[in-house]
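In order, the protein sequences belong to chains G and D.
Numbering that gives the first Met the number 0 puts the first residue of the first sequence at 0, with every later residue one more than the last.
Numbering that gives the first Met the number 0 puts the first residue of the second sequence at 0, with every later residue one more than the last.
In short, the hints are calculated from the structure, not lab data.
Some clues are possibly wrong.
Pairwise CB distance ranges, derived in the manner of DEER restraints [said to hold, decoys possible]:
(1) G:260 x D:9: 53 to 59 Å
(2) D:260 x G:127: 55 to 61 Å
(3) D:289 x G:19: 55 to 61 Å
(4) G:60 x D:157: 56 to 62 Å
(5) D:289 x G:109: 32 to 38 Å
(6) G:187 x D:220: 31 to 37 Å
(7) G:109 x D:128: 53 to 59 Å
Note that CB positions come from ideal geometry on N, CA and C, so glycine has one too.
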Amino acid sequence: MSEPLLVVDKLSVHLPCGDRIVRAVDEVSFTLQRGQTLALVGESGSGKSMLCRAIMGLLPGRARLPAPGRIVFAGQDLGVLKASERAGLCGRRIGMVLQDPLSALNPVMKIGRQIAEPMRHHLGMTRVQARERSIELLRAVGIAQAETRIDCYPHQLSGGMRQRVVIAIALACEPQLLIADEPTTALDVTVQAEILDLLARLQRERNMAMILVSHNLGVVAGRAHETAVMYAGRVVEQAPTAELFARMRMRYTRALFDAIPRLDDPAQAMLTAIGGQSPDLAALPGGCSFAPRCARAEERCSDQAPMLVSDGHARHRYACWFPCAVGATA
Amino acid sequence: MRFVGGKFLHLIVVILAVTALTFAILDLLPGSAAYAVAGANASAHDIAAIQEDLGLGDPALVRYGKWLAGVLRGDLGVSLVSGQPVAQAIASHLPATVELVVLAQLFTLLVAVPVGLLSAWRVDSRFDRFCSTLGFGLTSIPGFALAMVLVYFLALKLKWFPAVGYAPLSAGIWPNLKSLFLPAVSLALVEWVILMRVLRSELIATLQEDFILQARAKGLPAWNILLQHALRPSLFGSLTVFGLQVGNLIGGAVIVEQLFALPGVGRLLLAGIFAQDFAMVQGCVLLIAVAYVAINFLVDVGYGLLDPRVRRGGFARG
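With the rest of the complex left out, here is chain D:
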């Protein structure tokens, strides 16, 4: 219970710090949302009027206070540009992002774990060297460049997947998955390498342990030793990286969302920044901060599940 309480306090501190900082940065930028609302042909007079209308004339601290008070009442405000409630806008952009993250990380796991296991089991084998070379190659190419190659072959040439656009779940599970496949793959192509390298190095260390020798002395087959004995104690680093990756993709997959015209949180945030729509930006930042803290919490819980020594606070060896 104290654990959860501590995490909650942590959440509040993070949210205050992150939103205040975002607010300050937006305020320091030249221009204002009024320009976006007024359009290109507006006069200085129009803009001043709109600015007054949107409440942008108040000092920054007052506006931040008002926004914060709104959040405490559960009101994220309305978009300065479109007038749409921010909560509604986020809710409509969240499904695409969540699905993208889940699918991308699923692909990442499916490749990283088997490759990491095999590479660590036979270090410096041909397979290990091939995968390491391939991995470094993939990470040194920007994800969107790979995405374009995928689109060219799988969407334009073979026509297996749509090149752009998002089909919501309501349009049927199959079209939905097809529309997300290429974006998820282009994210996973880079992510799996990082996860695989972390898992591989941790597994190599674990495989040197005496208890692995003991397991071999029991005459257990190799797959059993790898999966039953070596994998679980080697997941700490991977779990940390995995959590960071998930957090990063919520709102951070902007380029892929933009390329594939996915209505995700990343694009919503980017549009908000361009229009200096501070209510929208703050709403997105709030979501991302909460997501990060929540994921971190889950990662901490995960450590406890992985290793019984973590469970009752601290490592007790004796």
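Next comes chain G alone, as it looks inside the complex:
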């Protein structure tokens, strides 16, 4: 296998908060090959967005990245780059799609200019070149009448169309890596699938690597080569997506899966929720961070943190002392 595009190695993100330290991301490691899609799945507050922002170099000013955490992009350790060199990667080689397209576009700027901006800045295109290319991009993300829509303001477009515009912006400079941070959470259910399929198609066509973030396991099924489940800032289970769905070993993964409402549920059925709350990231329990909410937890779980280890089956790794039996339900 060739050199991976992205290596995240023991990456932690700490946010000082008063005299406490919030461990938003805790020793996360993964690699991403060119042209592959990695899905990051987890509840709100599990550190997915912070992880994405750490890769982009867009963390809040007070955030710290303690050693030995490293992010290596295309062989280059991002930690040693100057801020300006880092900014040269953003929008150029790494594109990002934010969660809420309603707020991700500047309300007082025509969308054409917003798409053209990174091309003018990074590729030195003229106004005319950038405009032509913007129209092409709008077509590529499936916006009809691109020539007229390009002069619209964001409020003149629907939510789904705005997310297509945000995707066009992220794609403008043909990045090698696209980070999509919950790209469909703010959209209508009917539009969600369209946008996800669009992303998957663009990713295949352009041979981009993609990090697809979602809190919904159903979203990533069939759209990601590999899936990492995050809980309380850590990766707790990671496997090729098909393998993960076939053999969920972590009870947290299983619970996330069960939380997806299904069409064949009876009409009045209760939604399955995960009991309890996600832990305080400034005061994590000593052992497994999911132990307080886990039905199967024993003494050992709250004493010793399980490592993320492989069971030797198809690169499937999980961090649990008492994994689910293969094929069993929780």
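Got chain G sorted already, so can you dock chain D onto it with the hints?
Just chain D now, with coordinates in the frame of chain G:
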């Protein structure tokens, strides 16, 4: 068109209300313009005669009606004291006021916008804290006290600017600007703080927005994000304050005009009030009211230019 029509109606209501109120207040004050005209040694008989002469014997409502009828014909009347037509007096005092306002607000903008941008970009930095402290210090000192300090150093010690007096534009642009520099600076010293604080707080809110994160994700440099993305959506409050400041300075810069002996509208109004020269006061009040409404109109137009969502009436988000 309906927008303009509505504004015009608004103007008429404002003018009627303001002038009627001023008239009533002047009428309630003891004494009359006749005393000012007659001088200190006049007898009660003289004063009664002059009062009759000036038409001050009529009931207040009749006099207000007459004045209003005159205004509709484009006649603001004559000063009760000097006999000079009011329109002429205002016209001769307007240039100094307009120039003062323009210059003062120019200085205000030149300081407030860059300081506001830098303070908001690095909140709580040393620069931010220094400017906030300086600003609060300046606003808590009356403008005229600062003006005296400026005059002492820049005019009396260094002799860079004249201490008092106004050189009209006809005397050459350079002497004209020099005579207005100190008055404009002493106004701007207080005004910039207010504008800067409003701009700063609005910018801080804008910089939290997702579209700023998106702009940073594009890899754009900081100045580009501040000027191209953050500034324009953060100008609403500043525009409102700016409009109020301009309106306030027309006729409201009395102390500075008095200190620097500038022949401005503020001084004209003040002199009119002291002499109970109701024609002059009404003329000045009319000018100020029209100016306020006109500035407000421009501010409303400005909102539309700033934000396309305002343009076609109301915010449409969907």
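To see whether the hints hold, each was checked on the structure:
A hinted range of 53 to 59 Å for the beta carbons of residue 260 (chain G) and residue 9 (chain D) is consistent with their spacing of about 54 Å. For residue 260 (chain D) paired with residue 127 (chain G), a C-beta distance near 58 Å keeps the hint of 55 to 61 Å intact. Our hint of 55 to 61 Å for residue 289 (chain D) and residue 19 (chain G) holds, since their Cβ atoms are close to 60 Å apart. Under the hint 56 to 62 Å, the C-beta atoms of residue 60 (chain G) and residue 157 (chain D), about 43 Å apart, miss the expected range.
Checked against the hint of 32 to 38 Å, the pair residue 289 (chain D) and residue 109 (chain G) passes, with Cβ atoms roughly 36 Å apart. Under the hint 31 to 37 Å, the C-beta atoms of residue 187 (chain G) and residue 220 (chain D), about 36 Å apart, fit the expected range. At roughly 38 Å, the beta carbons of residue 109 (chain G) and residue 128 (chain D) sit outside the given window of 53 to 59 Å.
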